[in-house]
Amino acid sequence: MKYNPALTPTRRMILKSGLAGAALLGAPMIARAQASKTLRAAHIESTESATHKGYIDFAERVAETTGGAVEVKVFPAGQLGNLRDLYEGIKLGSVDMTSSGPDYSANIAPIMVAAALYFSYRDDAHADKLLDGAFSAALSEALAKQAGMRILAWGELGWRSVFNTVRPIQSAGDFAGLKLRVPEAQLHILPMTALGAAPTPIPYSDVYTSMQTGVVDGAEGTPSAVTQQKFNEVSKYYSLTQHLYNPLHLVIGDRVFGGLSAEEQAAVQAAAVAAFQAQRTRARSDNAAALTAMREGGLEVNAVDVTEIRQIVIPTWEPLIKPLGAEGQALVDMLLA
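With mature numbering (1 follows the signal peptide of the UniProt record, and there is no 0) applied, the sequence shown corresponds to residues -33 to -1, 1 to 304, in that order.
Just so you know, not all the hints are guaranteed correct.
[Stated by the list, open to error] In silico BS3-like cross-links for lysine-lysine, where the CA-CA straight-line distance does not exceed 30 angstroms:
1) Lys4 x Lys112
2) Lys289 x Lys112
3) Lys289 x Lys96
4) Lys96 x Lys112
5) Lys4 x Lys40
6) Lys40 x Lys58
7) Lys203 x Lys40
8) Lys40 x Lys146
9) Lys58 x Lys112
10) Lys203 x Lys146
11) Lys58 x Lys203
12) Lys146 x Lys289
13) Lys96 x Lys146
14) Lys58 x Lys4
[What the hints assert, rightly or not] So the derived label-pair ranges between C-beta atoms look like this:
15) Ser3 x Glu263: 41 to 51 angstroms
16) Thr180 x Arg251: 45 to 55 angstroms
17) Arg251 x Ala143: 47 to 57 angstroms
18) Gln179 x Pro290: 50 to 60 angstroms
19) Glu55 x Gly226: 33 to 43 angstroms
For the record, the hints were derived by calculation from the structure and aren't laboratory data.
Positions of the beta carbon are idealized from the N, C-alpha and C atoms, including for glycine.
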């Protein structure tokens, strides 16, 4: 298996270099096999993220279970472009695999909005039940139909909360007038507007400088995202609104997947599920550690009673779900069951 030079050496690289002779005895095919098929997997997360570690785990598992016949080359940290570029790359054939939350994939398959509604997930256990059951299977089928992409596995980005430089969020009224960066999508803009904030769609890469210069007062994201992007350096408050649970789905182009043999498809699928189940656990650990680091670094972190906030936000679901028809409503019913 090949990796980009910038990546930290992994067990698979050690195997290839001949420094683990005992392990070679247990996997002779892996050491000798010449990859006949290469999958280009790209994502936008940092090399320190649980997401990237999930990709590396996935690549190693694929190499092991296919005897090196399928190689996964991982391109992290936006090396091949932003999410728009990567999803477009899958359509064009320049990228084979990528990942995002359904809040982004809703741009290419509107049905995914059903998995990205503010305050729709209850807790981690509820999320796991949905991601490992009929709900995720229905989403996968819908994405394949609408976008020609197959979801191989579900991981996690985490629970998104609000951070800003003005005041802690303790009640719905505290959103009033706050200029909060949000992605350019109605599923974010509608609820923030209903709360009285001034949602401001700017590129994610501009958040740090925009907070420094006062273009925005804050934004929202998971604890890990805040520390990895160093947003805690330019923020004063992180309020645990946990308004959006962000699952992570690993996708592959249908044409690429169809080009694998039945045995290779099974190996790739199984490797993805195993790797991103582990990624989900790692993401939760990383987010907990990031929250501790923020507190220790002087950022004010506060709990929030979201009862009133949720009551204001839920009516914004209707204009998001109505265009999806019966299929969308059925998914929401599954989500809330």
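Hints, one by one, checked against the model:
no., hint, verdict
1, Lys4 x Lys112, "25 angstroms, holds"
2, Lys289 x Lys112, "19 angstroms, holds"
3, Lys289 x Lys96, "25 angstroms, holds"
4, Lys96 x Lys112, "23 angstroms, holds"
5, Lys4 x Lys40, "11 angstroms, holds"
6, Lys40 x Lys58, "18 angstroms, holds"
7, Lys203 x Lys40, "39 angstroms, violated"
8, Lys40 x Lys146, "39 angstroms, violated"
9, Lys58 x Lys112, "14 angstroms, holds"
10, Lys203 x Lys146, "15 angstroms, holds"
11, Lys58 x Lys203, "41 angstroms, violated"
12, Lys146 x Lys289, "28 angstroms, holds"
13, Lys96 x Lys146, "35 angstroms, violated"
14, Lys58 x Lys4, "19 angstroms, holds"
15, Ser3 x Glu263: 41 to 51 angstroms, "49 angstroms, holds"
16, Thr180 x Arg251: 45 to 55 angstroms, "34 angstroms, violated"
17, Arg251 x Ala143: 47 to 57 angstroms, "32 angstroms, violated"
18, Gln179 x Pro290: 50 to 60 angstroms, "38 angstroms, violated"
19, Glu55 x Gly226: 33 to 43 angstroms, "20 angstroms, violated"
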